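Student: For this one, chain A is given, so just place chain B on it according to the hints.
Line by line, the protein sequences are chains A and B. Last residue of the first sequence: 182 (the UniProt record's numbering), numbering continuous. Last residue of the second sequence: 182 (the UniProt record's numbering), numbering continuous.
Hints are computed from structural coordinates only; laboratory data are not their basis. Since we're looking at a predicted model, the values are computed, not measured. Backbone N, C-alpha and C fix where the C-beta goes; we use that ideal spot for every residue, glycine too. Don't take each hint at face value.
To be verified - Label-pair ranges, simulated between beta-carbon atoms:
1) B:HIS165 with A:VAL160: 18 to 28 Å
2) A:CYS29 with B:ASP137: 42 to 52 Å
3) A:SER139 with B:GLU128: 51 to 61 Å
4) A:GLN172 with B:HIS95: 11 to 21 Å
5) A:LEU22 with B:LEU22: 29 to 39 Å
6) A:THR31 with B:ASN109: 10 to 20 Å
7) B:PRO168 with A:GLN172: 17 to 27 Å
8) A:PHE136 with B:ASP173: 25 to 35 Å
9) A:ALA57 with B:SER12: 26 to 36 Å
10) B:ILE108 with A:ALA30: 18 to 28 Å
11) A:ARG175 with B:GLN145: 36 to 46 Å
Protein chains: 2
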Amino acid sequence: MRFCSQCGQPVSQRIPEGDDRLRYVCDTCATVHYQNPRIVAGCLAVYQQQVLLCRRAIEPRRGFWTLPAGFMENGETTIEAALRETWEEARARVHAEQLYMLFNLPHINQVYMFFRAELSDLDFAAGEESLEVKLFDESEIPWEQLAFPTVGKTLRQFFVDRQQHNYPVHVQDIRYNPGKRS
Amino acid sequence: MRFCSQCGQPVSQRIPEGDDRLRYVCDTCATVHYQNPRIVAGCLAVYQQQVLLCRRAIEPRRGFWTLPAGFMENGETTIEAALRETWEEARARVHAEQLYMLFNLPHINQVYMFFRAELSDLDFAAGEESLEVKLFDESEIPWEQLAFPTVGKTLRQFFVDRQQHNYPVHVQDIRYNPGKRS
Chain A
1 MRFCSQCGQP VSQRIPEGDD RLRYVCDTCA TVHYQNPRIV AGCLAVYQQQ VLLCRRAIEP
61 RRGFWTLPAG FMENGETTIE AALRETWEEA RARVHAEQLY MLFNLPHINQ VYMFFRAELS
121 DLDFAAGEES LEVKLFDESE IPWEQLAFPT VGKTLRQFFV DRQQHNYPVH VQDIRYNPGK
181 RS
Chain B
1 MRFCSQCGQP VSQRIPEGDD RLRYVCDTCA TVHYQNPRIV AGCLAVYQQQ VLLCRRAIEP
61 RRGFWTLPAG FMENGETTIE AALRETWEEA RARVHAEQLY MLFNLPHINQ VYMFFRAELS
121 DLDFAAGEES LEVKLFDESE IPWEQLAFPT VGKTLRQFFV DRQQHNYPVH VQDIRYNPGK
181 RS
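Bound-form chain A, shown alone:
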């Protein structure tokens, strides 16, 4: 950030009075520009014994497999964001959503939330951001071709929890570079 979004004049980094963090502050109108983490919401869509993965058509990690997920938008709930992304990336409809995994990624200022859900039918297809969309048994998961650590951790946790038929909400921190494979 270099300019004030309110008045168009230059900003500089300083600690505002009564604050204890560096912020972008407008040198002219004194507006403080706060920056906050963003939420990525998505679904672990399950059909019988299988889970739904999308092969990414876009960077980063083009060609690698992911759970449908993306940035939550203003005006929606976390579940609405997860369902929208599942529709956009996998043209899939799901139901019975339950919050399942919450990942903190403080080094990139993101919070991931994955909801477990039931795939409503087999009428799914690759959306614009996907090359292909496919159901996988546990034994077929392309572990070496997953796009992000959050995806692998969610799948591994799911196959563990499934043995007990018990799916508590898990909160985990990921502090390394998620652009690298876990």
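Tutor: What follows is chain B alone, placed relative to chain A:
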């Protein structure tokens, strides 16, 4: 938002190519300025049968009681944000944090997360944003003087769940104006 934070020139609202939402886009450098929901994190700090509340020293809702909570900052996890706010507002230390309530407030682009936690000692005090900080039994809760609907809903849920000694994670949507009392 009126000006581009990258180049300082005017922005206008339009739907970028390949998008389906109105965004602020720079008329000069074409930067798209996304806006996303923010996370508010806080603690329901418990000591034996009592819960810790803060009376707000700042607007909105000055003079009303709240759970310690505030906007999550870049570079921290949701739990770190909740612990920091608990320290800043109540000068209280807690441990054994568990995610408990997640509220979607889509009309104000916020997601609240409250963690249940054990108060570590009785050495708490009003921080700069609080007039006073106090432990309350269930029968003493100032229900008519709570600052926000998220606070009342969290406390009511806690007293229900406590009877069963079972505290699942709850996800709720609040779609009305949280400036008004529930």
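Student: Decide, hint by hint, whether the structure agrees.
Tutor: Do the hints match the structure? See the list:
no., hint, result
1, B:HIS165 with A:VAL160: 18 to 28 Å, "holds, 25 Å"
2, A:CYS29 with B:ASP137: 42 to 52 Å, "holds, 48 Å"
3, A:SER139 with B:GLU128: 51 to 61 Å, "holds, 57 Å"
4, A:GLN172 with B:HIS95: 11 to 21 Å, "holds, 18 Å"
5, A:LEU22 with B:LEU22: 29 to 39 Å, "holds, 31 Å"
6, A:THR31 with B:ASN109: 10 to 20 Å, "holds, 18 Å"
7, B:PRO168 with A:GLN172: 17 to 27 Å, "holds, 18 Å"
8, A:PHE136 with B:ASP173: 25 to 35 Å, "holds, 32 Å"
9, A:ALA57 with B:SER12: 26 to 36 Å, "holds, 29 Å"
10, B:ILE108 with A:ALA30: 18 to 28 Å, "holds, 24 Å"
11, A:ARG175 with B:GLN145: 36 to 46 Å, "holds, 40 Å"
The structure agrees with every numbered hint stated previously.
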